[in-house]
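Read top to bottom, the protein sequences are chains A and B.
Heads up: the first sequence at position 72 corresponds to 72 in UniProt numbering, and the numbers run straight through without jumps.
Heads up: the second sequence at position 134 corresponds to 134 in UniProt numbering, and the numbers run straight through without jumps.
Since the hints were made in silico from the structure, they are not lab data.
There's no promise every hint is true.
It does not matter which identical chain is meant; a pair holds if it fits inside one copy or across any two.
[What the hints assert, rightly or not] Below, in silico cross-link-like pairs of lysine-lysine (DSBU-like), each with a Cα-Cα straight-line distance of 35 Å or less:
#1 K71 - K58
#2 K58 - K14
#3 K224 - K297
#4 K230 - K14
#5 K46 - K58
#6 K230 - K58
#7 K191 - K71
#8 K275 - K71
#9 K224 - K14
#10 K38 - K157
#11 K26 - K230
#12 K224 - K275
There are 2 protein chains.
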Amino acid sequence: MDEDVLYHLDLGTKTHNLPDMFGDTKFVCVGGSPNRMKAFAQFMHKELEHEGDDNNLKDICAGTDRYCMYKVGPVLSVSHGMGIPSISIMLHELIKLLHHAKCCDVTIIRIGTSGGLGEQRVLLLPGRGDADEKQLRKGVEPGCVVITDMAVDSFFKPQFEQVILDSVVTRSTELDQDLASELLECSRGIKDFPTLMGHTMCTYDFYEGQGRLDGALCSFTSEKKLEYLKRAYDAGVRNIEMESTVFAAMCRLCGLKAAVVCVTLVNRLEGDQIKASHDVLAEYQQRPQQLIAMLIKKHLGLINDKKLLDNAVV
Amino acid sequence: MDEDVLYHLDLGTKTHNLPDMFGDTKFVCVGGSPNRMKAFAQFMHKELEHEGDDNNLKDICAGTDRYCMYKVGPVLSVSHGMGIPSISIMLHELIKLLHHAKCCDVTIIRIGTSGGLGEQRVLLLPGRGDADEKQLRKGVEPGCVVITDMAVDSFFKPQFEQVILDSVVTRSTELDQDLASELLECSRGIKDFPTLMGHTMCTYDFYEGQGRLDGALCSFTSEKKLEYLKRAYDAGVRNIEMESTVFAAMCRLCGLKAAVVCVTLVNRLEGDQIKASHDVLAEYQQRPQQLIAMLIKKHLGLINDKKLLDNAVV
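So here's chain A without its partners, still in its complex pose (with noise of 0.2 Å):
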């Protein structure tokens, strides 16, 4: 091609410098909301301890209102908005920026919100006291933050079904283990910060496909419900959203490590509605940032594993 247009994030390779705008990126963060994404290139500028106000921070597709996206060093903080169609045209546009761009070694983590479910397993954290691990017992509640190790999809099988033309394609939805290990390492060394690492169900729908009794359509009974959301916690569910599926498969076929990191904002064994303050619901969003921070600021060499380690036993 004599010239690629990314027209959804309006970059392209005859008007844009890629290798000059993007050439050292190493982190690719992403996430639905673009005010969540400014808010964590916001932090990271603070983190990295960059020059300059943070409030400054150039939205680099402010040609286009579909998507947006800021640069701070090496950290790239992109939004993709809500579902699989939506992220997906985001991720194919931004992995052929990485490539006319020459990156390498890239690393990509979806920081999003989801629903929880359930009971969690109690990870035994050493040098926690009683009244953590009182707290991590009590399951996954809202704000518990849920690192993936698996992708998979509304019958529980950790695939994507992508349609090429009129034919369907099954994909693979593994994630990278390491990376994934890493992050569950890197939550042992936040203060009270309850994390977790299970499946997580990407779903097409927020209402009906996600078993919501309080959607304008609903064809099913609380019973039902119940059914459907223990009969995934039983598959190893411990979290629901709507775009995990086809990021693992997409950044797997691409070569790209990456991750999901997603905080709960309600127990789907107890509710369907998001009702907690928008205080508390901003406090939440931070949680999968403060990780992720953790885990660059490390690749870094910003903070080192004896750090990580001491504020662990703290």
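Using the hints, position chain B against chain A.
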């Protein structure tokens, strides 16, 4: 339910007086891009000759960045992001909003962008000159407006497969035929306004699902692509987008009169990339808005059929 929190709209039955805010709504127009839906609200503000500065229109969903919403008299303008899951979340909450607000006789129209397909069945319009006719014969060129008579899936079937818990339910994607015909009629009242009626294909993906060769992943040849798109054309498909099937299915089940009007930005039989300039694309995107404005003004008695007819033969 004691309270209904419309989470992604940042509205609720306890926090907002929905009948007061929305009770007089008669037309809801939805589209992917927030900027475009703001522009449509401003355009309607002028068209309906409302007083005050159209720059002061307030985003009713300002508390969230998931969607935006503007109200101009009986017209609601709402963004829905990209793809089936994203529009489906918005529709669930919008339909609940209309219900809580006790709205009746609501017409809902999606105004979107799309890829066009090939040659056009020439619509011989009374009173058009040779030049117009020649332009129409050129086929679904960028800028052409397609009114959907039927929304079909990737397999050219007029249905939407909704996953409910872990079973798949097939729903009809029939749209209101009278409304579609009325829109076609209205289009004849606008000069230099290439319009046609045809099937709209709705896919889960912009790249592989629509046969694009320029995504980050592509496993088929140019010949395979063209063979598929030509089969789509032969099945009656005239444009391709990513929301119409679930939009048609949900509106139908909830008793809303619904239509889909999309402008085409590229002729997919000639290419994959959208390369027109920003200004040209901006002008194209105004076309569905013009058409809907004319329909709304006609329904509100601000323009009559005689005037439409007079315009048509100019």
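Taking the hints in turn, this is what the structure says about them:
For a Cα distance limit of 35 Å, the shortest separation of K71 from K58 qualifies both inside one copy, at 8 Å, and across copies, at 30 Å. Proximity of K58 and K14 under a CA criterion of 35 Å is satisfied intra-copy only: 21 Å inside one chain copy versus 38 Å between copies. In this homomeric assembly, K224 and K297 never come within 35 Å of each other (Cα to Cα): the closest approach is 45 Å inside a single copy and 47 Å across copies. In the homo-oligomer, the alpha carbons of K230 and K14 lie at most 35 Å apart only across protomers (31 Å), although the nearest pairing inside one protomer, at 52 Å, exceeds that limit.
Taking the shortest alpha-carbon separations for K46 and K58, both the intra-copy value of 15 Å and the inter-copy value of 33 Å come in at or below 35 Å. Taking identical chains as interchangeable, the C-alpha atoms of K230 and K58 are never at most 35 Å apart, the minima being 45 Å within one chain and 43 Å between chains. In this homomeric assembly, K191 and K71 come within 35 Å of each other (Cα to Cα) only inside a single copy, at 28 Å, whereas the closest approach across copies is 46 Å. For a Cα distance limit of 35 Å, the shortest separation of K275 from K71 qualifies both inside one copy, at 33 Å, and across copies, at 26 Å.
Only between protomers do K224 and K14 lie at most 35 Å apart by alpha-carbon distance; the minimum there is 29 Å, versus 54 Å within a single protomer. Taking the shortest Cα distances, K38 and K157 sit within 35 Å of each other inside one copy (33 Å), while across copies they are farther apart (41 Å). Proximity of K26 to K230 under the C-alpha cut-off of 35 Å is found in neither arrangement, the shortest distances being 39 Å within a copy and 42 Å between copies. Taking CA atoms no more than 35 Å apart as the test, K224 paired with K275 passes inside one copy only; the shortest distance there is 23 Å, against 49 Å between copies.
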